[in-house]
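Let's have the full structure, built from the sequences with the hints guiding it.
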Amino acid sequence: MPHDHGQPAPSPAENMEAFLDGLWKQNPVFVQVLGTCPTLAITNSVSNAVAMGLATLFVLVCSNALVSAVRKLVPKQVRIATYILIIATFVTIVDYLIKAISVAVYKALGPFIALIVVNCIILGRAEAYASKNPVGKSILDGLGMGIGFFIALFSLGSVREILGAGTFLGFPLFGPNYQPWVLFLLPPGGFFTLAIWLMVFAAWKDRKKRREVKTMAEAA
Amino acid sequence: MNTQSLGHIFIDSLLINNFVLSVFLGICPFIGCSNKLSTAWRMGVSVIFVITVSSVLAFGTNLMLVALGAEYLRIITYIVIIASTVQLVEMFIKKTSPALFRALGIYLPLITTNCAVLGVALFQTAREYNFAQSLVFAIASSAGFALALILMSIIRERLELSDIPDTARGTALVLMLAGTLSLAFMGFAGMGAG
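One line per chain: the protein sequences are A and B, in this order.
All the letters of the first sequence, read from the start, carry residue numbers 1 to 220 under the numbering used here.
All the letters of the second sequence, read from the start, carry residue numbers 1 to 194 under the numbering used here.
Rather than coming from a laboratory, the hints here were simulated on the basis of the structure.
These numbers come from a predicted model, not from an experiment.
One thing to keep in mind: the hints can contain errors.
What the hints assert, rightly or not - What follows is a list of derived Cβ distance ranges for each label pair: (1) Thr-89/A <-> Pro-109/B: 19 to 25 Å; (2) Lys-107/A <-> Leu-68/B: 24 to 30 Å; (3) Gly-105/B <-> Ser-102/A: 40 to 46 Å; (4) Phe-154/A <-> Glu-128/B: 32 to 38 Å; (5) Val-213/A <-> His-8/B: 57 to 63 Å; (6) Val-200/A <-> Asn-2/B: 41 to 47 Å; (7) Leu-100/B <-> Phe-174/A: 53 to 59 Å; (8) Gly-105/B <-> Ala-219/A: 40 to 46 Å.
Claimed, not checked - Quick look at which bits of chain B chain A covers, simulated, 3 or more residues with Cβ under 8 Å: (9) 113-124; (10) 167-174.
For every residue, glycine included, the Cβ atom is placed at its ideal position computed from N, Cα and C.
Given below as structure tokens:
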């Protein structure tokens, strides 16, 4: 108990929930529509989307852990500034890491690596979750949200690369006669793809709700 | 050193590479603040102000960082500059126009996390613009942001009463419209060659 400042130790079920929320129910892109800028800007190929997803995941987990660790020390008035500085530090680390690992990826992502600082998902989780919860749960929340973001980037990137270039991770899919639908690689394609995904989600939710209403009516 | 002419930079960042519609910066306020024309133009004006001031400050800071050999501090210093500029603008607007201050509400402090602001500072450094080029770039790209925001709010006001399928309501519709606007703006691409 001394560790958690009076809060009871979280049960495994609670931990699982903290992790799963971000994956699906509270998916940062499809449900909360946060972090749309990187989602649209670098999903023109699957490999870019994967690199961006991993970079954001790393920053999200680290910053959630650190924000949660210092949450009792930071005065309320300067908390946002502190969070931003913590995030900026980790983003600088990622920026140099990617440059060291692969210059090609670094060139493809360009300034969008540095722009992870202003990805609203990260600051949002720091403020809404990590500043109120113990370190372990915050890390799980960061992992869940980060993987949820990764899934969203991956699904957008796949649609855009398959339709726009006829390839997946650089491998041709449709044979030489396929006429690529270049629009999907261009900026408008980003908007359209995200809109379509959001509509798919909305339709799926609607159907589920209608079915629940129907079963309730039948039960009554 | 970059040798693009000022006019070229202006047209390029205002129309051809519009920040919202083709570089994908500042999408969050673009979606969140574009449902009414009155909020949209106010947001646009304050973003123009914040971006211009922070671009000038970032230019000076970058010179200092390069002189000290501390380029790795760039992201951190830029974000601090932006946060303080937003604070400054907030105090300025509160003093001069309380009505505007109330109208902007929560969106004002949120300019800090508008990626367009940090984007301008980072792009001008990456492209090695000199002072005049940075200034023109900052003004033009923020004006481009305001232009996209205002256009979108006009379309959305018109669509207020139209019959839209339930699944497409909300953000999906805004994104569809943005895609169409973005297609229209691609028509400006031909101007880049000249």
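Hints and how they fare:
1. Remark: the range hint 19 to 25 Å for Thr-89/A to Pro-109/B is upheld by a beta-carbon distance near 22 Å.
2. About 26 Å separates the C-beta atoms of Lys-107/A and Leu-68/B, a value consistent with the hinted range of 24 to 30 Å.
3. Checked against the hint of 40 to 46 Å, the C-beta distance between Gly-105/B and Ser-102/A comes to roughly 43 Å, which is consistent with it.
4. The hint said 32 to 38 Å for the Cβ distance between Phe-154/A and Glu-128/B, and at roughly 34 Å that hint holds.
5. Here the CB-CB span from Val-213/A to His-8/B is close to 59 Å, well matched to the stated 57 to 63 Å.
6. In this structure the hint that Val-200/A and Asn-2/B lie 41 to 47 Å apart at CB holds, the actual value being about 43 Å.
7. At roughly 54 Å, the beta-carbon separation of Leu-100/B and Phe-174/A lies within the given 53 to 59 Å, and the hint holds.
8. The hinted range of 40 to 46 Å is satisfied by Gly-105/B and Ala-219/A, whose Cβ atoms lie roughly 45 Å apart.
9. For the stretch 113-124 of chain B, the proposed coverage by chain A is satisfied: 8 residues have a C-beta within less than 8 Å of a C-beta in that chain, meeting the threshold of three.
10. Counting residues of the stretch 167-174 of chain B whose beta carbon lies closer than 8 Å to any beta carbon of chain A gives 7, which reaches the threshold of three, so the coverage claim holds.
Checked against the numbered hints given earlier, the structure satisfies every one of them.
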